[in-house]
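For chain A, the structure is supplied; the task is to place chain B on it using the hints.
The residues making up each chain are set out below.
2 protein chains.
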Amino acid sequence: MAKSVKIVNENMEIEWSDDIPGIQSHKSTIPLEQLSSSPNSLRRLREGQKPITWNSGYLNRQMPKLRFDYNQYINDSEILHQVTSGIRAWGIVFLTSVPETEDVVENIAGRIGTVRMTFYGKTWNVKSVHEAKNVAYTDRYLGLHQDLLYMENPPGIQILHCLKNSCKGGHSLFSDAFRAAAQLPAHDFNILSKGQVAYHYQKDGEHFLHSHPVLEVGSSDQTDTGGVRVPLAVNYSPPFQAPFFMAPRDVNKRKLVYSLGKFAQKSEEPQNVFKYKLRPGECVIFNNRRILHGREAFESQKGERWLKGCYLDTDVFTSRSRVVYDSVVNMGEGPNRIRRMSYGRSASVL
Amino acid sequence: MAKSVKIVNENMEIEWSDDIPGIQSHKSTIPLEQLSSSPNSLRRLREGQKPITWNSGYLNRQMPKLRFDYNQYINDSEILHQVTSGIRAWGIVFLTSVPETEDVVENIAGRIGTVRMTFYGKTWNVKSVHEAKNVAYTDRYLGLHQDLLYMENPPGIQILHCLKNSCKGGHSLFSDAFRAAAQLPAHDFNILSKGQVAYHYQKDGEHFLHSHPVLEVGSSDQTDTGGVRVPLAVNYSPPFQAPFFMAPRDVNKRKLVYSLGKFAQKSEEPQNVFKYKLRPGECVIFNNRRILHGREAFESQKGERWLKGCYLDTDVFTSRSRVVYDSVVNMGEGPNRIRRMSYGRSASVL
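Those protein sequence lines, which keep their order, are chains A and B. In case it helps, the UniProt record's numbering puts the first sequence at residues 1 to 350. In case it helps, the UniProt record's numbering puts the second sequence at residues 1 to 350.
One chain only, chain A, in its complex shape (with noise of 0.2 angstroms):
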């Protein structure tokens, strides 16, 4: 129960007698501004960073100002609010001056927050081998597509460090999936956000299986800094599709093919592909919702090509985001804005 209620300054405090057994009082300050805000409006007022779609040409021209320093990204809290931003509007970012150790992924996503563990491991190799078992371990080419989209929960973000690149070859490539939809005619816009694409995974004592709409939508619209409407989120996995379709009563199966080869057209034309040879001390974080992502052939008689990758859950990056946001453009006063009773840092409190 609400013992006394004032306006200090622009919060509200309230002082609570007897909510919680056992706790006689504590206090709530909530900003004013809140009290009149929705969580959504929230986000946006705070964290307003709309999608800044490309393709090939422009996002080469931002390159100066979406590379980092790896040592400032670990120790400036300025840059990996940067970093994060950065992420958020173009949807992909780059490291320099990475050490070029095994284990350096795991402090790249560390400085964000929780690694995604999955069946895969903590972090992976992406490796060339002679006599492969597989063809991602071969030197071919490797069309445009986004992870583990078997999952109801796909990693909101990959990490993708060079530690050898010698072989002739092996650009690494990258599509804006938000401007390729952007440039579907509405119909199949529509289309591709009503009608699922299943995907699934069956190897080794797993067994994936999910279907997603090829475009996440919202209940209201996202519109990209043009204006133009944008998904919220992107399925797209050609190597990982199931050998069915999902499609709800009203909207048509071939309908439902021709726009996905739209949209996969749109997504492959060169102009949209940025293609870029990662160098060893290099590393790419990018949005695997958003960015698709595929790699050329090289040719692996001479030298070595060696990526490690990690994953990070949406969930992680966007509070890490938050919290930098605060601490950077609020000077610190952010993190303490909503004081509440606490309840600790254990999860469960059976």
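Check the hints yourself; a few may be wrong.
Note that the list lumps identical chains together, so a pair holds whenever it fits in one copy or between two copies.
With a cut-off of at most 20 angstroms between alpha-carbon atoms, the simulated EDC-like pairs for lysine to aspartate or glutamate come out as follows [what the hints assert, rightly or not]:
| hint | residue 1 | residue 2 |
| --- | --- | --- |
| 1 | 122 | 204 |
| 2 | 194 | 221 |
| 3 | 194 | 216 |
| 4 | 122 | 106 |
| 5 | 266 | 296 |
| 6 | 277 | 69 |
| 7 | 65 | 76 |
Everything labelled a hint here was simulated from the structure, so no lab data went into it.
Chain B alone, transformed into the frame defined by chain A:
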């Protein structure tokens, strides 16, 4: 391109040529049964386990078949299948004769799959400590709730292993939120499936904030074994509720608060709450998207209470659940039923 298509036994065999640059040919074997199935009907067919909603008395009578020996769970895939089926049907099972060592909860989780890491760590302690700074570490009553709803992707499974429980009191409380939802008038069910409630956690360098509908429903109805409509998942966690609601324009906020109150009342009705004092060497595994959990007060002056917990993602549980279903029910033929071009264990093929 397809080079040849043949029907062999109950399968369609397709030989492909040149569809992947550099790989001349590979073969797909697709069961005919599967061609006439969508992933959803497939899921129903092969994993068709409807939820069985319960109240306290009903669950209590099922206890003999919901308790499994730890060693059998670890070593016998038939028992693992019964455990995963039990969780899908009842939302909750118990293990007995669990070694009373600190790290065994990781083995219990690992039998199903990769542990869900969170900022609480891989595993965490629920312990009573004197002069606790937080209410979680006190000996007080804690109401029914679910964990980590301030995330977009709360863990699907929670595991709690009891190491010590010698204090007076401290019974665990469980309530089937599907039952509470099924008992609501259709009007309230409808409001709770549309209106969203926000949850947050802002502390120690983290700021999680997410809103969910209280009752998550799919495009098609899910019913329990009695044919009553139940949600796909529930989101209810008063301790972490943010000080604002979210309702779309057609849901009145006052009505949302009122319907939420009715849901709370239903889930807390004494006949709906299963009360159980965990003994050292016992472990409870439950669906964190369905089962509400809580704790009665206990006397911490004498004795000790120590639970060790961890989480699993829904994706991980579902994958293992399918695999053991196939190996037990289909006697091993399952995992090879869909043979595909192998893309290996590396998640990324960049």
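Verification of the hints:
When the C-alpha separation of residue 122 and residue 204 is checked against a cutoff of 20 angstroms, the pair qualifies only within one copy, where the shortest distance is 18 angstroms, while the shortest distance between copies is 24 angstroms. Taking the shortest Cα distances, residue 194 and residue 221 sit within 20 angstroms of each other both inside one copy (15 angstroms) and across copies (18 angstroms). Taking the shortest Cα distances, residue 194 and residue 216 sit within 20 angstroms of each other both inside one copy (8 angstroms) and across copies (18 angstroms). Within a single copy, residue 122 and residue 106 get their C-alpha atoms as close as 8 angstroms, and across copies as close as 16 angstroms, so both meet the 20 angstroms cut-off.
Only within a single protomer do residue 266 and residue 296 lie at most 20 angstroms apart by alpha-carbon distance; the minimum there is 18 angstroms, versus 58 angstroms between protomers. Taking the shortest Cα distances, residue 277 and residue 69 sit within 20 angstroms of each other inside one copy (18 angstroms), while across copies they are farther apart (54 angstroms). When the C-alpha separation of residue 65 and residue 76 is checked against a cutoff of 20 angstroms, the pair qualifies only within one copy, where the shortest distance is 16 angstroms, while the shortest distance between copies is 56 angstroms.
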